[in-house]
Amino acid sequence: MYCIIVGGGNVGYYLSKDLATAGHEVLLLEKDRQRAARLVEELGEMAMQGDGCEVRVMEEVGFGRADVIVAVTGEDEDNLVVCQMAKRKFGVPRTIARVNSPANEALFNKLGIDTTVSATRIIFNLLEQEIESDLVVPLAALSRGNLEIVQVELSPQSRVVGKRIAEVVMPAGAHIVSVIRQDRGMLPAPEAVLETGDSVLALVSTELENELVSTFGEV
Amino acid sequence: MRVIIVGCGRVGSTLARMLADANHEVVIVDQTSDSFRRLGPKYRGTRQVGSGTDIDALKRAGIEKADVFVSVTDGDNRNIMAAQIARSVFDVPTVLTRIYDPSRAAAYRELGIQTICTTTIAANLMFDLAEGEPVTEFVQELQNVRSSGGSAAAGNSGPRTSGANAGGAAA
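As you go down the protein sequences, you meet chains A and B in turn.
Heads up, the first sequence is in my numbering, so the first residue is 1 and it goes up one at a time.
Heads up, the second sequence is in my numbering, so the first residue is 220 and it goes up one at a time.
It is possible that some hints are incorrect.
What the hints assert, rightly or not - Cross-link-like lysine-lysine pairs, in silico, DSSO-like; alpha carbons within 30 Å at most:
1) Lys261(B) x Lys284(B)
2) Lys89(A) x Lys17(A)
3) Lys261(B) x Lys278(B)
4) Lys110(A) x Lys278(B)
5) Lys284(B) x Lys110(A)
6) Lys89(A) x Lys110(A)
Claimed, not checked - Sample of chain B residues lacking proximity to chain A, with all beta carbon distances greater than 10 Å (derived):
7) Tyr262
8) Gly264
9) Gly281
10) Ala341
11) Asp347
12) Gly351
13) Val354
What the hints contain is simulated information worked out from the structure, not anything from laboratory work.
Here a beta-carbon is modelled for each residue, glycine too, at the ideal position from N, C-alpha and C.
Only chain A is shown next, with the shape it has when bound in the complex (with noise of 0.2 Å):
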């Protein structure tokens, strides 16, 4: 694969090496001279110094025959708008945009950018999981947040509680993934009793997540 990273900050330095050492074809951009400097000292062919955004750099870099596209700088406008040339303009078939203001997510979505990576999302989800105060707990988001998988532990009150799998009613296109029970994951067999003590695993929409609360909510 050949990937073209935008930002040769942290993440940007980072993501190059792994992706070097996983043998890959690499490109790293810095718009700085004299970040891009060291970056060319240490990292050789690796890196040059240019604007993702320009057209003129992104000709010469090969934007056209790039895998990838990934656009890790500190200015969500900035990694905005190196995707949308990247796909508009060259084609290229896969954009990642680094989204640091949670609120620009769902808009670059809108705007056409196939995923994006929002640290301060995953990190607040990590936090939810650690404090486990709400019944339904987020685990991951999948196919560009519409859709989630979230993790409920059943209390003994839980009105799903001696009931089996196939009894649980729940909400439009939403399914039960797997039980953890014991620290053993299983597949949803129909005829499955549920537990005290079960972690279920279920895919549902964003929306719907808020409906699994009455599905597996105290009685």
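Keeping the supplied structure of chain A fixed, place chain B upon it in accordance with the hints.
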């Protein structure tokens, strides 16, 4: 007409004053309140401190009812992003943005955003003047700008508030 201008630099402040003097409702948004000094004491419109790419700030500025949105900060990418928010999220009928980089200006013209590339306009005008010929290159560039927003936004241009659609691009 209700106009929102993002960026109170030279162009932004001049445009804001012109529109306010022509009795339009103008809100100018800038991240630093110092920039508003460029408006002078006689400016009759509204000023708002905030970021033109922050949806909440734009809502506070009245973007949901705006007829015209103009982004003229000194950052091309910021202008592009603000313009797209105005166009794709809020369906503002006329969206204008100043872009310095000619290739980016051309690329985003296809999205129904009227990009005004002052680099190209200045170069074209000076080219014509230097050659001593009629200003054809310059006029051609202006027509490129005019037709970009109009063709992509056919049927959309014109103030939200008035019933009649003027048809074609409002430059």
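Restraint check for Lys89(A) with Lys110(A), where alpha carbons must lie at most 30 Å apart: Within the cut-off at roughly 18 Å; holds.
Assertion that Gly264(B) lies outside the chain A interface [Cβ separation over 10 Å]: Answer for Gly264(B): holds, closest chain A Cβ roughly 25 Å.
30 Å limit on alpha-carbon distance, applied to hinted pair Lys261(B) and Lys284(B): holds (25 Å)
Cβ separation check - Ala341(B) to all of chain A, threshold 10 Å: Non-interface label stands for Ala341(B): nearest chain A Cβ at 19 Å, farther than 10 Å.
Pairwise hint evaluation, Lys278(B) against Lys110(A), where the allowed Cα distance is 30 Å at most: Holds. Lys110(A) to Lys278(B) sits at ~18 Å (cutoff 30 Å).
Holds or violated: Lys261(B) to Lys278(B), with C-alpha atoms at most 30 Å apart: holds (26 Å)
Interface-negative label, Val354(B) against chain A, beta-carbon threshold 10 Å: At roughly 27 Å from the nearest Cβ of chain A, Val354(B) sits farther out than 10 Å, so the non-interface label holds.
Distal placement of Asp347(B) relative to chain A, Cβ over 10 Å: holds (25 Å)
Chain A versus Gly351(B) - minimum CB to CB distance exceeding 10 Å, so not interface: holds (31 Å)
Status of the stated non-contact between Tyr262(B) and chain A (beta carbon gap over 10 Å): Given that every Cβ of chain A is farther than 10 Å from that of Tyr262(B), nearest at about 27 Å, it holds.
Reported absence of Gly281(B) from the contact zone with chain A (all CB gaps over 10 Å): Holds, because the least Cβ-Cβ distance between Gly281(B) and chain A comes to about 19 Å, which exceeds 10 Å.
Hint consistency between Lys89(A) and Lys17(A) [alpha-carbon to alpha-carbon, up to 30 Å]: With Cα atoms ~27 Å apart, Lys89(A) and Lys17(A) stay inside 30 Å; holds.
Taken one by one, the earlier hints all hold for this structure without exception.
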